[in-house]
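Participant: Just so you know, this note's numbering puts 539 at position 539 of the sequence shown, and the rest follows in order with no gaps.
Hints in this document: simulated from the structure, not taken from any laboratory.
Take the hints with a grain of salt, since some may be wrong.
[Unchecked claim] As a list, the in silico DSS-like pairs of lysine-lysine whose alpha-carbon atoms are at most 25 angstroms apart:
| no. | residue 1 | residue 2 |
| --- | --- | --- |
| 1 | K191 | K254 |
| 2 | K365 | K254 |
| 3 | K465 | K342 |
[As the list claims (entries may be wrong)] Now the in silico label distances, taken between C-beta atoms and shown as ranges:
| no. | residue 1 | residue 2 | range |
| --- | --- | --- | --- |
| 4 | D290 | E108 | 36 to 42 angstroms |
| 5 | D517 | V216 | 21 to 27 angstroms |
| 6 | M287 | N241 | 27 to 33 angstroms |
Built from N, CA and C at the ideal position, the CB exists for glycine as well.
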Amino acid sequence: MDIASALIRRSLLRPDQVEQLRSRCGDRRLDQVAVELGMLDEQQALQVLAEELGMRFVDLNQVEIDRQLLRQFPTSTIFRHTLLPLRRDNGLVDVAVSDPFDLEGLDELRSLSGFQLRPVLAPKSEIEERIKQLLGVGGDTITELVSRAGEDDIELLEEIGDEAGELAEEAQAASVVRLVNQLLLEALAQKASDVHIEPQENRLSIRFRVDGVLRVQPVPPEINQFYSAIVTRLKIMARLNIAEKRLPQDGRIKLRVSGREIDVRVSVIPMLYGEGVVLRLLDRQGMVFDLQRVGMPPGVIETFRELISLPHGIILVTGPTGSGKTTTLYSALNEIKSPAIKIITVEDPVEYHLEGINQIQVHSKIGLTFAAGLRSILRHDPDVILIGEIRDSETAQSAIQAALTGHLVFSTLHTNDAPGAFTRLIDMGVEPYLVASTVEGVLAQRLVRILCPACKEPYEPDEAKLPPDFPRPVPRQLYRPRGCRQCRDTGYSGRTGVFELLRTDETVRRLCVERADTAQIRQHAVQHGMMTLRQCGWQKVLDGTTSVEEVVRITKGDVVL
């Protein structure tokens, strides 16, 4: 079959492109090279092959797979050759393949299963995805099978100690090492920020947090017997005590995955049915700290830039855990850093290394707390200080003193909104007049998921079903999630920030000294132009960035007067 002529006939490739590809093919098929170089879509290439060879092309998302039938096939061959038995039809079993000329896998599957097979074509990525959904992440390893050659690409950047004992030997077995590696690789492939490994009464639950939302991962039931070995392997990698199962432990793993350095924070906590593990994945090279990219509206970013350029005072960023506070602060430091400015940070933990900035890791066990670190770094003559978090009265007082002595101080605080930062500091025991005279601005933020650009769909909203604080008049068209292959049927891809920036003026300072409550400060700020988190979220709905449901999920409704 002349695949080149078929592609030219269908206007998928030009003759000059075919000539260019032939010079690069070697022993490989022209269509495969074209797909690799991005000159041809894999789905288009497979549809052409299907027509030329008299085969069927199938959309696996539209096919109901017979799970009972699937159990009758050897898992090893399915994983190794990327083959997926779909259903039985007139005595033949349809098997999804991505390469119609790779007969070795089909022959092996036929001889081991005893079924007569009929190959149908589907994209390789879709076959792999459905195999993981049906047989579970690491399903081939769990059944003690050999994975594809050269697939293991995780490299530990720190040597692990020689652990003794039966538990350690089981955890260091090649199959367990491979299984843990596959879990980490799958989490990184899905761009997960956290991996939750949780023992239940009769099963092991594995969930990935992607774009702030937890997703249950399909795993085969046989993984239960590997639970202790998985936890022990992670403990060994993180240099934790594998014999200690009664107390919480925290550790860190440094990995290199396909050339990228990944930092993994490990937290192990004893629970009712065993130890629960949470892995926080930090991709050092995948992060870009740029204020333009965090999602601030034009008015907010201009005011924020003015605040971070002040000679002294305190700038606070508030929000719950995982709301992007650290990213915003690092982006602000990147914006103002220069050889003429000395910047020192005190963090717990130091999540990302920033070039040209001096970073200190807190060690509470040896007395290096936020407050102690802050007292010491003032003797290093800094211009700008970042305190990872104001957690207690001592740290708050130290930050106030640093601001009063001519330093610009950045920090984070856990409050629900920007006005709440003032009352929170006063509750910590800081004198109101000190809070009023040092805090120059407070930025509250949340993260909302971005609608997948490939599949978001327009719709005409029903005004009666919209929240009462949604901007009126309601536009004729908004967007909502639908779900496609690119976003794994979630309808969302990535996240952006919604912000609420309160710049301290004379009235806010007076209200603070008078110990006014949060509601009074908030009312004044809104009357004088502060955009609330909710209003910022509605702006992102109106411009098609996110959905109404996402803003409702993340933010609290404003009072409609």
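Participant: So which of those numbered hints doesn't the model satisfy?
Facilitator: Hints 3, 4 and 5 contradicted; others consistent.
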